[in-house]
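Chemist: The primary structure of each chain is shown beneath.
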Amino acid sequence: MQHLAILPILVPMLVGILQLLPPLQSNIFRQRVSSLLAVLALLAVATLLLVTSTSATQVYSLGGWTPPFGIVLVADRLSSMMVLLTTVLGFGALLYACAGEDNTGMYFHPLFLFQLTGINGAFLTGDIFNLFVFFEILLIASYALLIHGGGKQKTQASVHYVTLNLVGSAMFLFALGILYGTLGTLNMADMAQRVTLLHPQEAVLAQTGALLLLLVFGLKSAMLPLHFWLPRTYASASAPVAALFAIMTKVGVYSIYRVHGVIFGEGAGLLADVALPWLWPLAILTLIIGTIGVLASPTLRTLTANLVLVSVGTLLLTLVVGGAGLGAGLYYMLHTTLVTGALFLLADLIGKQRGKAEDRFVPSRPITQGGVLGALFFIAAMAVVGLPPLSGFVGKVLILQASNGSAGMLWVWSLILLSGLAALVAVSRAGTTLFWKVSGDPGDSPLATRLQLAAVVWLLLASPLLVIFGGPAAEFTEAAAAQMQLAYPTVKEMMNAVNQP
Amino acid sequence: MEALYALCVGVLTTCGIFLTLRGRTFPVVMGITLLSYAVNLFLFSSGRLSLNGAAILGISTHYADPLPQALVLTAIVIGFAMTAFVVILAMRARADLGDDHVDGSAPPEKNGGRS
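So the protein sequences, as listed, match chains D and E.
Counting from 1, position 285 in the first sequence corresponds to residue 285 in full-length UniProt numbering; the numbering is continuous, with no gaps.
Counting from 1, position 76 in the second sequence corresponds to residue 76 in full-length UniProt numbering; the numbering is continuous, with no gaps.
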């Protein structure tokens with residue numbers, strides 16, 4: 001139990017390394033089984049971590065070095081929730097990939113597990129340099145996964161994606177250098193304390209560092225002026241990879257929560273809420289551009305990618321609203337990640353059965369399995385747009401309620417409702433074109449296998465479940481947000497927690 | 001020393017950013033490499049510059065901050081791996097797309113076809 005906090009990193013990493021060795025390496029069946037077993041084990045670990053984190057925050061000091069000098073992993077409510085979310089999404093994507101998508105290139109399974117390692121690590125770490133390291137792990141896995149299967153479109157999207165992220169990594173290191181030079185520490189809890197004692201002369205430097213970090217996380221989360229890579233990258237990735245990528249933008253949002261919501265949050269003395277004046281307009285613009293993108297998308301995949309952009313805008317808006325808005329935002333994050341993941345998978349299934357038209361919104365031959373896919377698409381569309389009774393509705397209502405009476409109420413209400421309306425128009429138009437504007441006979445296109453459908457259903461099930469267990473879920477996210485803002489363990493508490501056997 | 005050091009980092013960063021904004025993959029890779037050199041130097045200086053300081057406490061009264069050295073080491077390793085990847089990707093893009101332009105093909109020629 002003592003080592004629970006590091007297992008979400010170790011399990012996928014070790015299994016991923018094992019898969020590179022002979023008995024597993026050349027046999028796709030063994031790779032599939034070992035990957036699925038690893039992710040199932042991760043599901044168990046993540047659930048256990050979530051349960052224990054509600055009673056006490058787990059602090060794990062790597063190598064037994066005491067914080068703030070040693071590197072720590074901190075599993076509080078928020079990070080264990082994010083780990084569970086990653087694992088649930090990863091399981092769905094992996095199931096889908098096992099139906100044949102993983103066989104189009106080499107080393108899909110190890111790369112997939114390494115990516116999970118990176119994402120889990122980024123959520124768990126309590127040290128900002130380690131956050132950089134895990135970002136790089138998840139990025140290098142994502143570079144290789146993006147190009148998996150090959151093809152012109154993927155190569156071209158990768159060139160942009162890789163270059164942008166490498167420049168982003170350089171900016172990240174510049175920011176870390178500045179922050180270390182001014183604050184003298186890289187432990188997030190310690191930074192949050194030291195930032196209050198900052199000398200006015202150094203405050204300007206630290207502010208530069210903080211805003212550079214906002215730039216980096218904005219790039220990862222596809223915040224407005226830095227969002228251009230997203231629609232193309234996500235639309236060209238293979239379906240399970242795109243589904244897994246649905247969590248990647250959330251890693252950026254999560255980092256903004258942690259760094260700009262806590263370290264440079266309200267209690268940061270001279271640098272209190274340093275990013276807030278920037279976040280307001282950027283969140284609003286991201287939402288607007290995402291909504292326009294949703295309306296203008298020519299294919300189902302681009303549509304879904306733009307829906308990811310809308311969700312990022314909404315999440316940033318909840319950060320700006322603050323207070324109860326954060327809890328509502330976290331609930332919305334659970335919903336939107338899983339549903340957009342499912343939509344990416346569905347887009348692939350639909351596209352495969354439409355012959356040359358793929359998932360473009362043009363009249364074409366009927367879909368072979370129109371009934372099943374249509375029903376699934378209908379549910380996914382209702383959830384993602386936010387129609388009752390599914391989780392999108394609950395999430396949006398929670399956000400609207402939380403923004404009641406706050407300064408930006410007008411913006412939040414009008415933007416979220418309007419973007420919902422636009423998304424409704426776009427997905428209903430998409431649905432009618434894809435399923436009803438058909439002529440001729442269905443061709444002999446590949447049928448969706450049970451495994452693929454199971455993967456989509458697994459991800460979509462989250463939406464009704466989040467409504468049925470809406471009360472506990474919303475309470476949990478509320479508590480997680482409150483804990484993040486108020487009770488992130490201080491260094492002293494961390495040291496106490498570590499010293500206990 | 002500080003001024004010279006800052007000048008080096010500044011020049012490297014400027015050249016790096018200029019090159020990454022170019023249109024073809026080779027200058028972009030060079031630019032990323034220069035940028036990562038600049039970053040490593042910058043990180044190294046974040047623990048203050050000192051001459052002849054051992055990075056181990058207790059050896060002498062005059063010592064340098066050991067942490068930036070550890071950070072730079074990590075950053076160098078990661079930087080090399082990423083640069084290697086981007087070089088291979090650039091070669092693959094050249095083969096797949098038949099052009100070394102970052103957009104896959106050079107834009108229609110304007111002002112003398114410079115890109």
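Possibly wrong hints are sitting among the right ones.
[Stated by the list, open to error] Keeping only pairs whose Cα atoms sit at most 16 Å apart, straight-line, the calculated EDC-like set for lysine to aspartate or glutamate is:
1) D:Lys154 x E:Asp65
2) D:Lys152 x E:Asp103
3) D:Lys154 x E:Asp103
4) D:Lys152 x E:Asp99
5) D:Lys437 x D:Glu358
6) D:Lys356 x D:Asp441
7) D:Lys152 x E:Asp96
8) D:Lys154 x E:Glu2
9) D:Lys356 x D:Asp444
10) D:Lys152 x E:Glu2
11) D:Lys352 x D:Asp444
Hint data in this document are derived by calculation from the structure and do not stem from the laboratory.
As the structure is a prediction and not an experimental result, all values here were calculated from the model.
Chemist: It remains to establish, for every hint, whether it holds in the given structure.
Modeler: So, going through the hints one by one against the coordinates:
1. D:Lys154 x E:Asp65: With a Cα-Cα distance of about 44 Å, the restraint between Lys154 of chain D and Asp65 of chain E is violated, given a limit of 16 Å.
2. D:Lys152 x E:Asp103: Distance ~11 Å between Lys152 of chain D and Asp103 of chain E Cα, so the pair holds.
3. D:Lys154 x E:Asp103: 12 Å, holds
4. D:Lys152 x E:Asp99: Since the Cα atoms of Lys152 of chain D and Asp99 of chain E sit roughly 11 Å apart, the hinted pair holds (cutoff 16 Å).
5. D:Lys437 x D:Glu358: 14 Å, holds
6. D:Lys356 x D:Asp441: Status holds; Cα separation ~14 Å.
7. D:Lys152 x E:Asp96: 6 Å, holds
8. D:Lys154 x E:Glu2: 45 Å, violated
9. D:Lys356 x D:Asp444: 12 Å, holds
10. D:Lys152 x E:Glu2: Given pair Lys152 of chain D, Glu2 of chain E is violated - Cα atoms ~47 Å apart, limit 16 Å.
11. D:Lys352 x D:Asp444: 11 Å, holds
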